[in-house]
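The primary structure of each chain is shown beneath.
Protein chains: 2
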Amino acid sequence: MVLIECVPNVSEGRRREIVDALLQAIRRVPAVRLLDRSSDRSHNRSVITLVGEPAPLKEAVLALFEAAIASIDLRIHSGEHPRLGAVDVVPFIPLEGATMDECVTLAKETGAEVARRFQVPVYLYEEASTNPARKNLEDIRRGEFEGLAAKMASPDWAPDYGPRAPHPSAGASVVGARMPLIAYNINLATDRLEVANKIAAAIRYSSGGFRYVKAMGIALEDRGIVQVSMNLTNYEKTPIFRVFEAVTREAERYGVDVLESEVVGLVPAAALIGASEYFLRLGSFRPNQVLETRLREISAKTERGEPKQ
Amino acid sequence: MVLIECVPNVSEGRRREIVDALLQAIRRVPAVRLLDRSSDRSHNRSVITLVGEPAPLKEAVLALFEAAIASIDLRIHSGEHPRLGAVDVVPFIPLEGATMDECVTLAKETGAEVARRFQVPVYLYEEASTNPARKNLEDIRRGEFEGLAAKMASPDWAPDYGPRAPHPSAGASVVGARMPLIAYNINLATDRLEVANKIAAAIRYSSGGFRYVKAMGIALEDRGIVQVSMNLTNYEKTPIFRVFEAVTREAERYGVDVLESEVVGLVPAAALIGASEYFLRLGSFRPNQVLETRLREISAKTERGEPKQ
Numbered sequence: 001m002v003l004i005e006c007v008p009n010v011s012e013g014r015r016r017e018i019v020d021a022l023l024q025a026i027r028r029v030p031a032v033r034l035l036d037r038s039s040d041r042s043h044n045r046s047v048i049t050l051v052g053e054p055a056p057l058k059e060a061v062l063a064l065f066e067a068a069i070a071s072i073d074l075r076i077h078s079g080e081h082p083r084l085g086a087v088d089v090v091p092f093i094p095l096e097g098a099t100m101d102e103c104v105t106l107a108k109e110t111g112a113e114v115a116r117r118f119q120v121p122v123y124l125y126e127e128a129s130t131n132p133a134r135k136n137l138e139d140i141r142r143g144e145f146e147g148l149a150a151k152m153a154s155p156d157w158a159p160d161y162g163p164r165a166p167h168p169s170a171g172a173s174v175v176g177a178r179m180p181l182i183a184y185n186i187n188l189a190t191d192r193l194e195v196a197n198k199i200a201a202a203i204r205y206s207s208g209g210f211r212y213v214k215a216m217g218i219a220l221e222d223r224g225i226v227q228v229s230m231n232l233t234n235y236e237k238t239p240i241f242r243v244f245e246a247v248t249r250e251a252e253r254y255g256v257d258v259l260e261s262e263v264v265g266l267v268p269a270a271a272l273i274g275a276s277e278y279f280l281r282l283g284s285f286r287p288n289q290v291l292e293t294r295l296r297e298i299s300a301k302t303e304r305g306e307p308k309q
Numbered sequence: 001m002v003l004i005e006c007v008p009n010v011s012e013g014r015r016r017e018i019v020d021a022l023l024q025a026i027r028r029v030p031a032v033r034l035l036d037r038s039s040d041r042s043h044n045r046s047v048i049t050l051v052g053e054p055a056p057l058k059e060a061v062l063a064l065f066e067a068a069i070a071s072i073d074l075r076i077h078s079g080e081h082p083r084l085g086a087v088d089v090v091p092f093i094p095l096e097g098a099t100m101d102e103c104v105t106l107a108k109e110t111g112a113e114v115a116r117r118f119q120v121p122v123y124l125y126e127e128a129s130t131n132p133a134r135k136n137l138e139d140i141r142r143g144e145f146e147g148l149a150a151k152m153a154s155p156d157w158a159p160d161y162g163p164r165a166p167h168p169s170a171g172a173s174v175v176g177a178r179m180p181l182i183a184y185n186i187n188l189a190t191d192r193l194e195v196a197n198k199i200a201a202a203i204r205y206s207s208g209g210f211r212y213v214k215a216m217g218i219a220l221e222d223r224g225i226v227q228v229s230m231n232l233t234n235y236e237k238t239p240i241f242r243v244f245e246a247v248t249r250e251a252e253r254y255g256v257d258v259l260e261s262e263v264v265g266l267v268p269a270a271a272l273i274g275a276s277e278y279f280l281r282l283g284s285f286r287p288n289q290v291l292e293t294r295l296r297e298i299s300a301k302t303e304r305g306e307p308k309q
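Residue numbers (the working numbering), protein chains in the order written: chain H, 1 to 309; chain S, 1 to 309.
Treat the hints as calculated values from the structure; they're not laboratory data. These numbers come from a predicted model, not from an experiment. The C-beta atom is built at its ideal place from N, Cα and C for all residues, glycine as well. Treat the hints with care, since some could be wrong.
[Stated by the list, open to error] Label-pair ranges, simulated between beta-carbon atoms:
1) Arg-286/S x Glu-236/H: 22 to 32 Å
2) Glu-109/H x Arg-41/S: 55 to 65 Å
3) Ala-153/H x Glu-236/S: 52 to 62 Å
4) Pro-287/S x Ala-70/H: 50 to 60 Å
5) Pro-287/S x Glu-236/H: 49 to 59 Å
6) Leu-62/H x Leu-62/S: 58 to 68 Å
7) Gly-208/H x Gly-283/S: 50 to 60 Å
8) Arg-164/S x Pro-268/H: 48 to 58 Å
9) Asp-20/H x Arg-27/S: 51 to 61 Å
[As the list claims (entries may be wrong)] Negatives, chain S to chain H, calculated, CB over 12 Å:
10) Arg-16
11) His-77
12) Gly-79
13) Met-100
14) Glu-109
15) Arg-116
16) Ala-149
17) Met-152
18) Thr-190
19) Ser-206
20) Arg-253
21) Ser-261
22) Phe-279
[Unchecked claim] Example chain H residues on the side facing chain S (calculated, C-beta under 7 Å, incomplete):
23) Val-2
24) Leu-266
25) Ile-273
26) Gln-289
Model the full structure from these sequences, guided by the hints.
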């Protein structure tokens with residue numbers, strides 16, 4: 001079985017009934033599992049997590065586009081998080097039995113069909129990218145929806161699929177394939193946005209920080225605090241605990257405490273277990289000392305008919 | 001399916017060929033899975049983790065007794081860890097689909113059969129105990145093998161099953177049922193055993209510490225350091241991170257650093273994820289944000305024919 005995860009980000013995080021309708025459209029596709037949903041009012045954005053085999057996943061994404069285009073209008077959308085379109089980003093991620101190549105193929109097929117069926121321009125990104133200048137999501141999204149028409153007038157920004165101008169209300173979409181990503185935020189006990197911005201600049205790859213960290217400062221105005229909002233794009237090489245410790249140290253420099261941190265959506269168990277290994281100074285821990293991991297290993301061996309150890 | 005875990009502790013942690021022979025005896029029982037083995041030279045003790053359904057587990061434990069009695073002689077055994085017999089302790093622990101009552105029944109049946117077949121006296125402990133004064137393993141084991149004959153002369157220490165005197169070479173065994181336990185040790189950067197002893201006394205239940213902690217100081221002479229050796233008997237109510245933090249603070253008082261900690265054998269993922277929630281200050285984390293947990297939940301629902309959420 002080829003199991004692939006798909007995590008569409010849509011530009012609606014305030015009107016619950018709209019997000020419910022999007023999920024309902026996905027649920028109508030058999031053989032796709034809805035793993036998680038998470039809406040953020042400040043970002044005005046929702047993150048949906050699906051798992052399934054390639055063909056039903058593609059069908060679910062097309063159903064999501066149809067519902068989102070009918071209910072989300074970027075011309076009247078506002079939120080703290082950068083965005084280009086109604087269905088802003090659609091990454092495919094290899095899980096059990098799946099390869100990155102299969103995810104790239106699925107991204108291209110889905111992107112082409114979205115463009116054909118809905119006249120939404122589609123950019124391919126990360127592992128599915130066809131152009132080194134358009135590998136990074138941030139580069140593609142720079143200028144946001146409001147700057148999209150001007151940006152697309154340049155030959156450099158002809159989309160991979162679809163029309164050479166934005167969809168009037170749904171903008172453009174970014175579709176691709178990547179490794180599992182952790183959406184991780186650290187909230188600071190201050191309302192000084194410049195502190196969050198300086199910390200974000202210190203830790204992110206683009207300005208000299210950790211290789212697999214994307215970060216920006218965000219004001220959570222309803223709570224009167226600020227946030228370092230991050231994507232950890234490879235938790236094995238840039239682990240969550242190292243990022244937490246670095247943000248804590250940088251915050252100290254401005255006399256600011258870390259209030260709390262949060263994972264948005266799902267996180268692989270290994271990322272959190274790695275953090276506990278660090279903080280508990282576990283010296284010689286093996287991943288298969290985790291009871292559930294060991295049980296899965298043994299069951300998999302038994303199914304393959306290998307001898308018990 | 002009724003899945004039960006069984007974690008026999010045997011009094012041999014130095015002669016690898018002997019431990020291998022014990023495991024070989026277990027492997028001959030079909031339908032029992034050997035999850036883990038862990039030997040400790042200082043303790044001169046091995047911890048074996050098995051999973052299976054009740055009937056094969058009982059058969060595996062009987063096979064282990066037969067092999068252990070043939071190869072382990074307590075009259076010439078020495079080690080840092082208290083022990084009463086060749087197969088020192090045999091706890092049964094409920095996993096998926098199993099209740100504590102089923103574990104108690106299995107403990108009693110297994111204990112009775114061990115006594116009948118091998119003439120080894122058996123004490124029931126924890127949830128299987130028939131006597132409040134003999135619920136705690138430490139109380140039963142006090143005096144160790146060397147003091148066993150004198151102890152058993154008292155009517156208070158008539159065993160639950162078997163002869164009213166120790167087996168000449170294999171002593172006595174303690175069989176019972178309990179919740180999952182974490183064998184957790186913290187190594188200190190000092191050779192002062194009194195520091196480990198004082199910290200153990202500060203954190204263990206029996207002398208005023210945490211409700212679900214058993215602890216003692218141990219010298220790891222081959223490494224020139226000392227260890228606070230613990231059993232955490234309910235990681236939900238007395239979590240691993242709280243114990244780590246308390247030991248760290250107590251050690252500071254004596255100018256001693258924590259060198260590292262270690263989990264012996266298996267640990268439920270939830271115990272480590274709980275530690276990362278604490279250290280990362282995860283504010284509103286839900287257990288089903290863990291990808292693997294969510295996948296299992298969804299699969300279980302699908303198997304039961306419930307609608308996808």
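Checked hints:
no. : hint                              : verdict
1   : Arg-286/S x Glu-236/H: 22 to 32 Å : 24 Å, holds
2   : Glu-109/H x Arg-41/S: 55 to 65 Å  : 58 Å, holds
3   : Ala-153/H x Glu-236/S: 52 to 62 Å : 60 Å, holds
4   : Pro-287/S x Ala-70/H: 50 to 60 Å  : 35 Å, violated
5   : Pro-287/S x Glu-236/H: 49 to 59 Å : 22 Å, violated
6   : Leu-62/H x Leu-62/S: 58 to 68 Å   : 60 Å, holds
7   : Gly-208/H x Gly-283/S: 50 to 60 Å : 29 Å, violated
8   : Arg-164/S x Pro-268/H: 48 to 58 Å : 55 Å, holds
9   : Asp-20/H x Arg-27/S: 51 to 61 Å   : 53 Å, holds
10  : Arg-16                            : 16 Å, holds
11  : His-77                            : 26 Å, holds
12  : Gly-79                            : 20 Å, holds
13  : Met-100                           : 18 Å, holds
14  : Glu-109                           : 24 Å, holds
15  : Arg-116                           : 29 Å, holds
16  : Ala-149                           : 38 Å, holds
17  : Met-152                           : 36 Å, holds
18  : Thr-190                           : 15 Å, holds
19  : Ser-206                           : 24 Å, holds
20  : Arg-253                           : 19 Å, holds
21  : Ser-261                           : 5 Å, violated
22  : Phe-279                           : 4 Å, violated
23  : Val-2                             : 15 Å, violated
24  : Leu-266                           : 5 Å, holds
25  : Ile-273                           : 5 Å, holds
26  : Gln-289                           : 6 Å, holds
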